[in-house]
Amino acid sequence: MSTETSASLATQETKKEGLLSKKNIQILRDPLDDTNPVTVQILGVCSALAVTVQVKPALIMALGVTVVTAFSNLIISLIRNSIPNRIRIIVQLIVVAMLVTIVDQVLKAYLFDVSKKLSVFVGLIITNCIVMGRLEAFALAQKPWPSFLDGIGNGLGYGIILVVVAFVRELLGSGSVFGIKVVPQWLYDMGYVNNGLMMLPPAALFLIGIYIWWQRSRNKNLINAS
Amino acid sequence: MKDSDLDNVQPLLSFSVKIAQNLIKSVKPHFGKGGRFEKFHPAFDALETFLFVPAHTTASGVHIRDAIDLKRTMFTVIIALVPTLLFGMWNVGYQHHLAYGVQVSMMDNFLFGFWKVLPIIVVSYTVGLGVEFIFAIIRNHQVSEGYLVTGLLIPLTMPVTIPLWMVALAAIFCTVLGKEIFGGTGMNFMNPALLARAFLFFAFPAYMSGDIWTDLSPETGHSLVDAYSGATNLVAFDTDFTKMGSVSDMFWGFEQGSIGETSTFACLIGAFILIVTGIGSWQIIVSCFVGALLMGLVLNGLAPVDIPTHPMHTPAYYHWLMGGFAFGAVYMATDPVSAAHTEVGKWIYGLLIGIFTVILRVFNPAYPEGVMLSILLMNVFAPLIDHIVIEQHIKNRKKRA
Chain A
11 MSTETSASLA
21 TQETKKEGLL
31 SKKNIQILRD
41 PLDDTNPVTV
51 QILGVCSALA
61 VTVQVKPALI
71 MALGVTVVTA
81 FSNLIISLIR
91 NSIPNRIRII
101 VQLIVVAMLV
111 TIVDQVLKAY
121 LFDVSKKLSV
131 FVGLIITNCI
141 VMGRLEAFAL
151 AQKPWPSFLD
161 GIGNGLGYGI
171 ILVVVAFVRE
181 LLGSGSVFGI
191 KVVPQWLYDM
201 GYVNNGLMML
211 PPAALFLIGI
221 YIWWQRSRNK
231 NLINAS
Chain B
2 MKDSDLDNVQ
12 PLLSFSVKIA
22 QNLIKSVKPH
32 FGKGGRFEKF
42 HPAFDALETF
52 LFVPAHTTAS
62 GVHIRDAIDL
72 KRTMFTVIIA
82 LVPTLLFGMW
92 NVGYQHHLAY
102 GVQVSMMDNF
112 LFGFWKVLPI
122 IVVSYTVGLG
132 VEFIFAIIRN
142 HQVSEGYLVT
152 GLLIPLTMPV
162 TIPLWMVALA
172 AIFCTVLGKE
182 IFGGTGMNFM
192 NPALLARAFL
202 FFAFPAYMSG
212 DIWTDLSPET
222 GHSLVDAYSG
232 ATNLVAFDTD
242 FTKMGSVSDM
252 FWGFEQGSIG
262 ETSTFACLIG
272 AFILIVTGIG
282 SWQIIVSCFV
292 GALLMGLVLN
302 GLAPVDIPTH
312 PMHTPAYYHW
322 LMGGFAFGAV
332 YMATDPVSAA
342 HTEVGKWIYG
352 LLIGIFTVIL
362 RVFNPAYPEG
372 VMLSILLMNV
382 FAPLIDHIVI
392 EQHIKNRKKR
402 A
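So the protein lines, in turn, are chains A and B. 11 is the number of the first residue of the first sequence in this note's numbering; add one for each residue after it. 2 is the number of the first residue of the second sequence in this note's numbering; add one for each residue after it.
None of these hints come from the bench; they were simulated from the model. None of these values were measured; they are calculated from a predicted model. Hints are not guaranteed to be accurate.
[Unchecked claim] Residues from chain B shown here face chain A by an in silico Cβ test under 10 Å; the list is partial:
#1 Ile182
#2 Phe202
#3 Tyr208
Beta carbons are placed, not taken as given, at the ideal position from N, Cα and C, and that holds for glycine.
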């Protein structure tokens with residue numbers, strides 16, 4: 011009798027913790043919109059201003075941050091029960107620093123030109139508030155698999171904003187996308203000029219602002235009750 | 002005009018007003034609730050309240066009602082802008098003909114400028130009001146009056162050679178990001194017209210600085226005179242202030258620059274109108290001028306003795322006459338929405354605008370005109386200034402109690 015109940019409990023448990031259960035999908039999907047790290051939590055804005063002049067570096071940066079958030083979340087979650095509370099920030103930093111160094115070295119080895127464009131900003135992923143924020147807020151209290159998904163979700167949420175902003179900035183600022191000219195010559199002949207403001211960091215701030223405006227007018231979950 | 006003429010005109014005038022009134026009354030139901038054009042009610046409402054003082058009364062509480070509402074206020078500012086506009090149009094023609102060494106009559110100068118400036122004004126109004134109408138319809142509120150003034154200020158702060166599509170883009174930018182995103186007229190924390198100019202200044206630097214101040218469309222049978230130089234006084238000032246135009250030229254406005262800002266005299270007429278009607282705050286205008294003068298004097302005192310042409314040696318009152326300082330102080334800094342509101346706050350706000358303008362002009366050759374940036378900067382700080390003034394006032398009252 012008792013073995014039966016425990017067995018049924020176990021099956022229930024495994025059902026609840028299916029790899030892509032509803033809850034886990036939620037964890038993965040929420041950061042893309044409802045709890046987007048950049049536009050809702052307003053984290054990681056500095057790098058969003060700095061690396062979004064062109065789409066390609068922005069895309070690489072987004073991938074780098076996704077890898078770092080996902081694996082640091084996973085590692086911290088795995089060792090969360092053995093980290094002494096008082097030195098947890100140091101432990102987190104060591105894990106993140108290791109991952110950032112790996113990303114940096116991989117980029118230098120295989121994508122040298124992009125790595126040069128991103129310059130210090132790859133190294134500065136370590137200070138990206140999204141990474142530490144997710145470790146503190148999620149990975150320290152959750153099982154490894156949801157933590158990993160949460161890391162991927164937040165990295166992608168950050169990436170969406172980066173790529174959207176970079177797309178607009180590159181299109182309007184230098185008339186190209188992925189380095190390929192898309193604004194035709196006849197438009198320039200007619201007097202069109204590339205927008206110099208888009209090459210400056212404030213443009214990213216305007217674009218993120220517009221994105222937040224659009225997001226809040228569409229997504230009713232985000233409207234403050236006040 | 003003889004008295005009998007006047008007697009003839011008056012009935013005619015009241016008759017045409019009657020016609021307009023009847024017309025409005027007859028189409029009004031279509032724009033009301035359930036009417037055929039209900040969606041376009043804001044547009045209709047804007048026109049109606051522009052022509053006639055609205056008949057709404059406040060429903061609750063005690064209010065003091067004044068004959069002057071927001072539309073009438075805005076219109077007074079437009080009237081105050083007319084001197085700068087007319088002079089600006091004339092100056093466009095004058096500078097053009099000067100560059101080609103052609104002697105033409107005053108009227109020809111004016112007409113040349115008129116046809117150059119008019120398209121800019123038309124584009125600015127059409128695009129800006131278009132955006133306002135779209136937002137009014139989407140958000141179901143009234144079309145705000147703010148754009149009446151902004152629409153004229155934008156062209157006056159542009160060089161005459163600016164491509165029209167850039168004017169349109171600036172008008173869209175300043176209306177959407179300067180105003181509507183914050184909730185429309187009265188919610189903007191920066192002056193929209195200046196924001197439009199700042200946008201173009203950073204977005205298309207090649208069209209907002211350099212040798213673009215004079216319209217150089219070819220003049221048949223003439224070529225540019227040798228003495229022509231595209232540099233404004235503000236540029237000359239950075240290398241050698243003694244090479245600037247004469248004081249009287251700068252005061253009356255016979256110099257190159259944005260359309261409406263060259264003449265300090267025309268701006269002073271506007272300032273007079275604004276102050277007499279009580280629409281512009283005289284404290285802000287005066288404190289701007291005082292701030293610039295004080296900073297100019299301080300820099301005179303600190304100027305390096307061994308470089309007699311250093312901009313720091315510029316006589317302090319030159320700063321009043323150069324570039325768009327007078328225009329900015331009179332029409333831009335006094336914008337009631339984005340300026341400081343407390344009495345003491347207005348003085349601090351104005352003084353700092355003057356001080357920053359001179360600092361930017363003297364020490365930063367990359368931004369020849371400091372007025373625009375310093376007014377925008379102080380727009381941002383105006384709420385903070387007000388806050389501090391009020392807190393200080395409360396503290397003082399408490400001490401006395």
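Consistency of the hints with the structure:
1. Ile182: With a minimum Cβ separation of about 6 Å from chain A (threshold 10 Å), the hint on Ile182 (chain B) holds.
2. Phe202: 9 Å, holds
3. Tyr208: 7 Å, holds
Going down the numbered hints, you'll see the structure goes against none, and every one checks out.
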